[in-house]
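Sequences and hints are given; from them, build the entire structure.
2 protein chains.
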Amino acid sequence: MPSAGGHRPNAGPSDRHHEILDAALELFATIGYSATTMAQIGDRLGIRGPSLYKHIASKQELLVEIVTGMMTELLRRQRAALILGGDVRDRLQRITAVHVQYHAEQRYEAFVGHREIDSLEEPNRTRILDLRREYESRFRELVQEGRELNLFTTSSDRWSSYAILDMGIGVSAWYNPAGSVSPEELAATYARLALRMLGAERNEPEG
Amino acid sequence: MPSAGGHRPNAGPSDRHHEILDAALELFATIGYSATTMAQIGDRLGIRGPSLYKHIASKQELLVEIVTGMMTELLRRQRAALILGGDVRDRLQRITAVHVQYHAEQRYEAFVGHREIDSLEEPNRTRILDLRREYESRFRELVQEGRELNLFTTSSDRWSSYAILDMGIGVSAWYNPAGSVSPEELAATYARLALRMLGAERNEPEG
DNA sequence: GAGGATGGCTAACGATCGTTAGCCGAACGA
DNA sequence: TCGTTCGGCTAACGATCGTTAGCCATCCTC
Chain R
1 MPSAGGHRPN AGPSDRHHEI LDAALELFAT IGYSATTMAQ IGDRLGIRGP SLYKHIASKQ
61 ELLVEIVTGM MTELLRRQRA ALILGGDVRD RLQRITAVHV QYHAEQRYEA FVGHREIDSL
121 EEPNRTRILD LRREYESRFR ELVQEGRELN LFTTSSDRWS SYAILDMGIG VSAWYNPAGS
181 VSPEELAATY ARLALRMLGA ERNEPEG
Chain W
1 MPSAGGHRPN AGPSDRHHEI LDAALELFAT IGYSATTMAQ IGDRLGIRGP SLYKHIASKQ
61 ELLVEIVTGM MTELLRRQRA ALILGGDVRD RLQRITAVHV QYHAEQRYEA FVGHREIDSL
121 EEPNRTRILD LRREYESRFR ELVQEGRELN LFTTSSDRWS SYAILDMGIG VSAWYNPAGS
181 VSPEELAATY ARLALRMLGA ERNEPEG
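These protein sequence lines map, in sequence, to chains R and W.
Under my numbering, read the first sequence as residues 1 to 207, first letter to last.
Under my numbering, read the second sequence as residues 1 to 207, first letter to last.
No lab work stands behind these hints, which were simulated from the structure alone.
A hint or two may mislead.
Said to hold, decoys possible - Derived list of chain W stretches under chain R, where covered just means 3 residues or more per stretch with a C-beta under 8 angstroms from a C-beta of chain R:
no.	segment
1	31 to 43
2	55 to 62
3	77 to 88
4	127 to 133
5	152 to 164
Heads up, the beta-carbon is just placed ideally off N, CA and C, and yes, glycines get one too.
Below, the structure is given as structure tokens:
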């Protein structure tokens, strides 16, 4: 048997666990959570469905790990972007870039994280929705702040922040990592589009 | 029995069929296609799951009707917007407004139409994806046309047209018809945001 | 009033799927 | 070398669900 099994003296969360998570992620993103079977996940590792239960507790647990990891990372990066300070335009540009870059880099996590929220059982669903609300509110707050300082000329904080969020989320549905544009480039481009949308371009009424 | 049954002398596609379609639509949008059971759809009409089959062929047929109807209507409205002519900015503004207005007015159809495409069986899936490609290409063509005429100052046709499309699609996920903003208002606002994003604002370098 | 169609119903089939139970070979520690 | 643990496997359970079969009351037409 080509198994690498046997006694594993010491390790973190096992490699097998991560392999299963990766396989599940790709399947959840490609064909959806409830359409994915444990047998299919097992296939990706060359093992049977029931064998997965030596490493994980349930299918639902896989989804929870994926979605929680996604929201946690998104919030972490957003905080890191905000902590750098700068004026409102700088900060908004940075959290937009971070938003877009994540949705390109980790397009599967992002896609599943948005699409399968309703597949989460309570209380996880509510918990994740709360995190998402927190994440989204940062955009709205920043747009509002910029508008109060007359740096943005937009009619509604709410709608324009939703527009920025949604165009970033959309990236996770079409981004192709084998294409010619890097996540960083795309993030920079989109961040510029966002500022333009808010009427906040810097090099504008100068000529 | 409170049934309205009996012989129905003459009618188009029966009322019951539409009622079922409506119930299915709301459930597909709320909890997803594969999570929706025929019994749940029946519940909405006060009848049992198997009774639905007196009016419809299958659950899959319901999805096909919803998604086909959505793409057909979207293309119809887009064509109507384009046929009015005008310069590139006019046309782009109009198809963006139409895009957003539909995603607000028919948010359930739109949401299901985007989310459940992979739940369609072939050949319907491919057919719908082709229609969607056609719909999306109109945006890209218009952005390209405007850029060649130096009316838009955007770096990439592809990305900015995706951004416009995605921010419209996003509307179907959060729009609340009981809120204070009408689909028309939202469409007008978003169309303005889109043109701004492209650097195509009219009343700009005039002061 | 007879005949037929409509549109409900219950029962049940057949398939799928998440999960559990229980078995066993391989590898490691003492 | 012996015992333990790891991590596979097959078999099977239990639940769910789409769908079909077959029954029957109601109503319309003639």
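Evaluation of the provided hints:
| no. | hint | in the structure |
| --- | --- | --- |
| 1 | 31 to 43 | holds (count 4) |
| 2 | 55 to 62 | violated (count 0) |
| 3 | 77 to 88 | violated (count 0) |
| 4 | 127 to 133 | violated (count 0) |
| 5 | 152 to 164 | holds (count 8) |
Against the hints set out earlier in the document, violations occur for numbers 2, 3 and 4.
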